[in-house]
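> Here is how the chains run, residue by residue.
Protein chains: 2
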Amino acid sequence: MQIPEHIGVIPDGNRRWAQSQGLNKEDGYSYGLKPGLELFKLCQKVGVKELTYYGFTMDNTKRRNVQTEAFTQACIDAVKMLAQEDASLLVVGNTESPKFPDELLPYTTRKTFGQGGMKVNFLVNYGWHWDLGSLRQSEKSSKKALINSLKSKDISRIDLIIRWGKRRRLSGFLPAQSVYSDFYIVDEYWPSFKAEHFYAALDWYSKQDITLGG
Amino acid sequence: MQIPEHIGVIPDGNRRWAQSQGLNKEDGYSYGLKPGLELFKLCQKVGVKELTYYGFTMDNTKRRNVQTEAFTQACIDAVKMLAQEDASLLVVGNTESPKFPDELLPYTTRKTFGQGGMKVNFLVNYGWHWDLGSLRQSEKSSKKALINSLKSKDISRIDLIIRWGKRRRLSGFLPAQSVYSDFYIVDEYWPSFKAEHFYAALDWYSKQDITLGG
Numbered sequence: 002m003q004i005p006e007h008i009g010v011i012p013d014g015n016r017r018w019a020q021s022q023g024l025n026k027e028d029g030y031s032y033g034l035k036p037g038l039e040l041f042k043l044c045q046k047v048g049v050k051e052l053t054y055y056g057f058t059m060d061n062t063k064r065r066n067v068q069t070e071a072f073t074q075a076c077i078d079a080v081k082m083l084a085q086e087d088a089s090l091l092v093v094g095n096t097e098s099p100k101f102p103d104e105l106l107p108y109t110t111r112k113t114f115g116q117g118g119m120k121v122n123f124l125v126n127y128g129w130h131w132d133l134g135s136l137r138q139s140e141k142s143s144k145k146a147l148i149n150s151l152k153s154k155d156i157s158r159i160d161l162i163i164r165w166g167k168r169r170r171l172s173g174f175l176p177a178q179s180v181y182s183d184f185y186i187v188d189e190y191w192p193s194f195k196a197e198h199f200y201a202a203l204d205w206y207s208k209q210d211i212t213l214g215g
Numbered sequence: 002m003q004i005p006e007h008i009g010v011i012p013d014g015n016r017r018w019a020q021s022q023g024l025n026k027e028d029g030y031s032y033g034l035k036p037g038l039e040l041f042k043l044c045q046k047v048g049v050k051e052l053t054y055y056g057f058t059m060d061n062t063k064r065r066n067v068q069t070e071a072f073t074q075a076c077i078d079a080v081k082m083l084a085q086e087d088a089s090l091l092v093v094g095n096t097e098s099p100k101f102p103d104e105l106l107p108y109t110t111r112k113t114f115g116q117g118g119m120k121v122n123f124l125v126n127y128g129w130h131w132d133l134g135s136l137r138q139s140e141k142s143s144k145k146a147l148i149n150s151l152k153s154k155d156i157s158r159i160d161l162i163i164r165w166g167k168r169r170r171l172s173g174f175l176p177a178q179s180v181y182s183d184f185y186i187v188d189e190y191w192p193s194f195k196a197e198h199f200y201a202a203l204d205w206y207s208k209q210d211i212t213l214g215g
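Residue numbers (our numbering), protein chains in the order written: chain X, 2 to 215; chain E, 2 to 215.
Hints are all accurate, no fakes.
Below, a list of computed lysine to aspartate or glutamate pairs in the DMTMM-like style, where the Cα atoms sit at most 25 Å apart:
(1) E:154 x E:86
(2) E:167 x X:197
(3) X:167 x E:204
(4) E:167 x X:6
Bear in mind the hints are in silico, worked out from the structure with no lab data behind them.
Work the whole structure out from these sequences, hints included.
What follows is the structure in structure tokens.
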């Protein structure tokens, strides 16, 4: 079976899930922590080499304070949780804004936790415009030179993007690393994560003809 | 009904269609012309304001010569065909390479044909790395400043991307304009285009909750 080397995860639908449970919208985010760990362990098990979670964006922080505080806290908790595992962990995002949580500053250079192993990236206060904003034209506009001038240059090309919550869009997720990615959409909300979603995505991916634009 | 202002079209599956008909792979492209005109007229009818076709990429030209010649000719024919309609037409791509057809150089500044009307963009010898290669950091990394420094700056943000041929990926299609786009996939190959595909895509789009990252 053709296993993707790098999986991108868009864990969407936390607020819609909360509402479906009769909770306040902002209460949904903390229910995404357990799914995040489960997914990490499944990726580890099948031999995925790199995993990138879409935490929150600079745009997201324009939402109501109570929501911004809730997803920020969920991201802090998620990163600390992953730091208990065997992983090579990196947080990527705009640290120059007050919206970036101080608690995550120590994670903005890649560090090995436990036995190391899978590269795990977590986008926190990320913006596609912020990421692309430092690009400089190289002599040949080569793909490699371009990728190396991204703010997110330590994140590799993504093979498979799995998005929970039914929406079929990227929502600004790593535009340069996503140019050749295959998209798999799970209709269920992220807090309703099941291992079957992941296996169905892998099964679907293994049947794709990967051409990388050739 | 919520009509997308700007539709991006990835007309994929020409080679697979040709093979399914017992033709040589390169014979498929010319069968994509009629669908291209039909789609244009449908967009015109429902009031779409801008339409962008993915012609061919710099990567595509690394294919066998007989194929490169065939899709280049199909793009030349398609642009000339659209120039017979009421449209404001623009070809965007890397004109500094010998792979860019001389016949299309006159279309690389936007021109009004017939009564004008819908903006129609056609990507020819396009590369996502070429497009992003001229970005410069603005003071604030604002989205607007960023978009204005793209090579494809005359192409607006895309609301809906429709891809024929079953694959669920962008394949380098306008990464900056696609960050918030909704993706609709048609399983059938592009030469098998039917008006129903377009209407199904519009129907699906009208049910989406558009947030633009907010």
